[in-house]
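Using the sequences and the accompanying hints, generate a full structural model.
Chains as they are written, first to last, in the working numbering: chain A, 1 to 267; chain B, 1 to 267.
Hints are not guaranteed to be accurate.
In this list, chains with the same sequence are indistinguishable; a pair is considered to hold if it fits within one copy or across any two.
[Stated by the list, open to error] With a straight-line cut-off of 25 Å between C-alpha atoms, the simulated BS3-like cross-links for lysine-lysine are:
1. Lys142 to Lys105
2. Lys229 to Lys170
3. Lys254 to Lys127
4. Lys108 to Lys127
5. Lys250 to Lys47
6. Lys258 to Lys47
7. Lys191 to Lys167
8. Lys127 to Lys251
9. Lys254 to Lys47
10. Lys86 to Lys250
Since the hints were made in silico from the structure, they are not lab data.
2 protein chains.
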Amino acid sequence: MDNRPIGIFDSGVGGLTVAKQVIKVLGNENIVYFGDTARLPYGSKSKETVTRFSKQIVRFLLTKDVKSVIIACNTASANSLEELQKTFDIPIFGVVVPGASEAVKATKNKKVGIIGTVGTVRTNAYKKLICDYDSNIEVFSKACPLFVPLVEEDWTNNEITRLTAEKYLKELLDEGIDSLVLGCTHYPLLKQCIGDVVGENVKLVDPAKETALTVKKFLTENNMLNDSKEENHHIFYVSDYTEQFDVLCKKALKKVYKPHVINIESY
Amino acid sequence: MDNRPIGIFDSGVGGLTVAKQVIKVLGNENIVYFGDTARLPYGSKSKETVTRFSKQIVRFLLTKDVKSVIIACNTASANSLEELQKTFDIPIFGVVVPGASEAVKATKNKKVGIIGTVGTVRTNAYKKLICDYDSNIEVFSKACPLFVPLVEEDWTNNEITRLTAEKYLKELLDEGIDSLVLGCTHYPLLKQCIGDVVGENVKLVDPAKETALTVKKFLTENNMLNDSKEENHHIFYVSDYTEQFDVLCKKALKKVYKPHVINIESY
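Here's what the structure looks like:
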């Protein structure tokens, strides 16, 4: 057994929705979370920059003696997972592989929609994986850059957000999708609004839960679960602190954790 | 006379609207522009982080032998101008002081509105300066975090942008303002939409032109203008390159410059 913590990182605080699922599914694990709040968002940035930032973060997490790393950020998962797996000698998981697998299970008519940041959609990572699983599935992707700022403004279900969702999702609905991957950690916070726009016949797929289950399976099969009876620890680090952290932390985890601020650029 | 270039920096590409005014007003000057596209936006980040980033950038610009620096970014001007002026031994100008001075000239009924990022509004920098000029002026501020992503989505005048502007500006209009400072470099690109919402009786103040005039006055009075007859150079640096740079560069400067990519974290 392995009582070291699991590292989770994200471009900011959206990844707390993934942390929430990990805490739920892997209740006995210690967690070290890092949010790159000084340099967020990643969704508009290049593959090279996102990968450079992600490597710095994994180096930081390794100083906290993590036994594995979960990339909670879709943009970093889509752009940097392979490079991180090549570079570091611990198990590293992204959210895109579990999300794609879940989408394959969800679709009946073999038409899947993907929404995410510009950086996630540009890679076609979801599309490639889904077509690897089942080449008969058609995948339609749409970048929705306004969804993150709408969540951060706490406009999760007003007229502006509904009109924005209608505008972004129209072309996916016109293609007749029956399932839609929420390919950005902020999007589950818009579930109500997105659900109203796509209607009850389109299943919303949130990769977070499947990611937590994937990690649980891996740790179980490799005898790496935490078997300690001590109270477990959830520790939070950020590269910049503003009250925004408290707001989204409370929303995602129903509790405010005081994060430690570090200079990620030095890793 | 001083033929070294003027340094201009911004959190990203919004500052190109300031560069445009500098090029217009100071046509014979060489310019080195830096946009921190890897770490943008600054508007949601803390004073400490914005100041740390800004110091790195001025150190970088000094390696390009600049004779003065213009902080094109309102958030960096509002949060870091004083600290930069204390730290570095060259003339440094922000956009907030000229913008505030312009607002004082613009208002007749002594009710001024300020819109900007969360980080700009939090400092009350515009408000303090305007009240220093004229303590009878009332200043009403409103952070408008969705305006930047709306510009970057190129939704500069659709229904969603209009509704967003109405929602943000209502309380300022209810106070009876007769002038409104566009306290973020992206906002002039929403001029049409904001102008429609506030109506023709509210004057829109764009700090960019006044900033360029302030710098011209300073360089003239201090015999620091460029008197070379050689063709002048405008050189652009960014910390991350995506096509977004080309799009906004073309919009602001009517020309696409190829930027050099540098690692700002090493300065």
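Here's how the hints hold up against the structure:
1. Lys142 to Lys105: within (21 Å within a copy, 46 Å between copies)
2. Lys229 to Lys170: neither (51 Å within a copy, 56 Å between copies)
3. Lys254 to Lys127: Answer is neither: 34 Å inside a copy and 36 Å across each miss the 25 Å cutoff.
4. Lys108 to Lys127: within (17 Å within a copy, 58 Å between copies)
5. Lys250 to Lys47: Answer is between: at 23 Å across copies they meet the 25 Å cutoff, but 31 Å inside does not.
6. Lys258 to Lys47: between (31 Å within a copy, 19 Å between copies)
7. Lys191 to Lys167: both (16 Å within a copy, 23 Å between copies)
8. Lys127 to Lys251: neither (30 Å within a copy, 33 Å between copies)
9. Lys254 to Lys47: neither (33 Å within a copy, 27 Å between copies)
10. Lys86 to Lys250: Answer is neither; intra-copy 35 Å and inter-copy 39 Å both fail.
Violated hints, in rising order: 2, 3, 8, 9 and 10; the structure is consistent with all others.
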